[in-house]
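In case you want the letters, here they are:
Protein chains: 2
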Amino acid sequence: MECAIFRGFISIESVVLRYDKNELQVLVDERAVTQNRGNSERENNAFIAAQITEQEKSLHEMVSENLKELISFEKIYVEQVQTRIQSQYPKHIEIMYDNHSENASKHPVVIIGCCVLVASSENKADHEKAKWVPVSDSNEFDTVLHPLLQEALTFLNRKIEQDPIAFYLLPEKFSLNELQQVYETVTCRRLDKRNFRKKIAQLQYLTPLNEKQKNVRHKPASLYCFNGSAFERN
Amino acid sequence: MECAIFRGFISIESVVLRYDKNELQVLVDERAVTQNRGNSERENNAFIAAQITEQEKSLHEMVSENLKELISFEKIYVEQVQTRIQSQYPKHIEIMYDNHSENASKHPVVIIGCCVLVASSENKADHEKAKWVPVSDSNEFDTVLHPLLQEALTFLNRKIEQDPIAFYLLPEKFSLNELQQVYETVTCRRLDKRNFRKKIAQLQYLTPLNEKQKNVRHKPASLYCFNGSAFERN
DNA sequence: ACAAAAGTGTTTGAGTTACACCCATGT
DNA sequence: ACATGGGTGTAACTCAAACACTTTTGT
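As they're listed, the protein sequences go chains A and B.
Quick note: the first sequence uses the working numbering, first residue 270, plus one each step.
Quick note: the second sequence uses the working numbering, first residue 270, plus one each step.
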């Protein structure tokens, strides 16, 4: 094994996604936007820095704690999808650190990019701190963060075929068609209804509830919940 | 997008693997071992730190430059397989930094773990700086680095099914059976000779050379080289 | 009664796996 | 001549894809 160590900065970036109104939406943090313009409010950054040094925390915990200021949720999925090293600070970040600011620019930055999934029903309505934007609204986004969004979507596309992560994007109870729509949206292709049901039946992720949709003007669908006993993650 | 940035250390760890004598071997850096005992010789670390701040370099370049001090090679494969954040320095590393050493322990460490592949024929013989050890010799390894070795082997096992990375472990010219043996060693299972040849024939990675093995006491095998035109990586 | 989504099996093609014998060379 | 690994095709099986009609509810 070869090993080298040096000083630097560590940046943890999260793309937070939800599934709502038949589309994927990404969380835009209005605080971050204003924070980049003006240069006050370092509490948020300081917060994480403090947490991490206190004891060893997983990415899940760190991202999770940070996000609680923005949205409410019960379950959350966090996975690292990107690591890059830059010799210069990304343009969209103003690093305001207490001291050593004069030689800060001599140190590289490691950027850890995460893909975060939350269920739509568990989020507060939009408020002044953050808003949800369809991922298709590409001109909404800071172009510097854009590559991470792409990376997260690519990751999600691949991952959803392998592991039961669709459930992080769904409410507790859901119908098979809702589940299928999540798969279709994430993978960007239509699926055959019968083949889809055969496939997930094999996987045994689902517990059927003795409950059906109400007040729909068609045959009501049976509802299911996710049985994660075999898939404890984080 | 959510973002947080803080000070820390960046550690780049590489597991360097080669295929030799029908087994995978890992490079053990004797310098690192002595470096951990005594606490001189920070040139190596300083070297990389300087390089990275000078201009933006890829992991490939950084690891590659660092390894040139240990072994010789022409082609090399580098891929990041792990990122973890620790609140404390790994035990096996003594961080000796010029100044700020008093508050250094307040900052977390990001560890970037890489899987590196080199061809056996391209390496210098073992010398005092480094030696090659079979991966099966598990008690040879520093237990702190061990998880990265596992991660690298798992990665390799999965990756070799998808991309033509076996060629990084082989000399320029090789027979189909040598190629098959690499696959068998990496995936830890026997393969059917005919099925294997059918499969790689489809993939069109190979250019047949008008050349055969010499001085073997059996029917000499045809030699091939890798045609990487469709797979430019790094 | 009608509109709208729910629900349910079978057939076909593609790809993967299993398997046995003759060939060219060095000693 | 014999020992050693090189080299080749076919049949069975498994998995994924394509496809159409009946059912239940609200209006």
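Hints listed in this document are in silico derivations from the structure and should not be mistaken for laboratory results.
Backbone N, C-alpha and C define an ideal beta-carbon position, used for all residues, glycine too.
Mixed in with the good hints, there may be bad ones.
Residues from chain B that keep clear of chain A, each with C-beta distances beyond 10 Å, as calculated [stated by the list, open to error]: (1) E271; (2) A273; (3) I434.
Pairs of lysine to any residue, SDA-like flavour, derived with a Cα cap of 20 Å [unchecked claim]: (4) B/K428 with A/E447; (5) B/K428 with A/E420; (6) A/K428 with A/P416.
Each hint tested on the structure:
no.	hint	verdict
1	E271	4 Å, violated
2	A273	4 Å, violated
3	I434	18 Å, holds
4	B/K428 with A/E447	33 Å, violated
5	B/K428 with A/E420	19 Å, holds
6	A/K428 with A/P416	18 Å, holds
Checked against the numbered hints listed earlier, the structure breaks hints 1, 2 and 4; every other hint is satisfied.
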